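Q: Sequence:
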Amino acid sequence: MFTATEIKNYEQLHQMFDALSKDEHNQTSILANASSLLNYFLKDINWVGFYLHNKETDQLELGPFQGLPACTTIAIGKGVCGLAYRSNDVFIVDDVNAFPGHIACDANSKSEIVVPIYKDGKGIGVLDIDSPIYDRFTEEDRVGLVKFVDILLKHL
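Quick note: the sequence shown uses UniProt numbering, first residue 1, plus one each step.
Just so you know, the hints here were simulated from the structure itself, not pulled from any lab data.
Listed below are the simulated DMTMM-like cross-link pairs for lysine to aspartate or glutamate, each with C-alpha atoms no more than 25 Å apart in a straight line:
hint, residue 1, residue 2
1, 110, 140
2, 43, 106
3, 122, 141
4, 43, 89
5, 22, 141
6, 154, 120
7, 122, 58
8, 78, 141
9, 119, 56
10, 78, 61
11, 119, 141
12, 119, 24
13, 110, 89
14, 122, 61
15, 110, 94
16, 43, 140
17, 147, 135
18, 122, 150
19, 43, 150
20, 110, 141
21, 122, 23
22, 154, 18
23, 154, 141
Quick list of simulated restraints, FRET-style, between CB atoms:
hint, residue 1, residue 2, range
24, 23, 107, 34 to 44 Å
25, 99, 73, 11 to 21 Å
26, 55, 87, 17 to 27 Å
None of these values were measured; they are calculated from a predicted model.
We treat Cβ as the ideally placed atom computed from N, Cα and C, and that holds for glycine.
Could you build the full structure based on these sequences and the hints that come with them?
A: What follows is the structure, encoded as structure tokens:
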């Protein structure tokens, strides 16, 4: 069940992002502002950003992000991001060290949520968020971040 604070916070985040992206047409700018807002808004995270599908290489490539330097390419179906993208399903990983095939870019990351980004049935990429805390991400985060991606898709 959502608490009043969580609803208010995600609703405010959605409204801010929608307003900020309203007249923007540059994908890089939209994604950069999205990662910045999420980095500011979400507590107890150490990395937030996007991996975008490159049709020529059929890999996920690093896009705009906030945090330490990261892996630049991820094969489709590999790691949390590659599996979430391939399955078009949200992945919440409570302990990344227990996830088979996890790709460790930051040794401080303990948990992760990955939201695939698909528009009109075509994969664009994933939103990836890491935390230095085990069990950081909840069902409320899943719902709030899926809606955030839905708003993002309106502007891409």
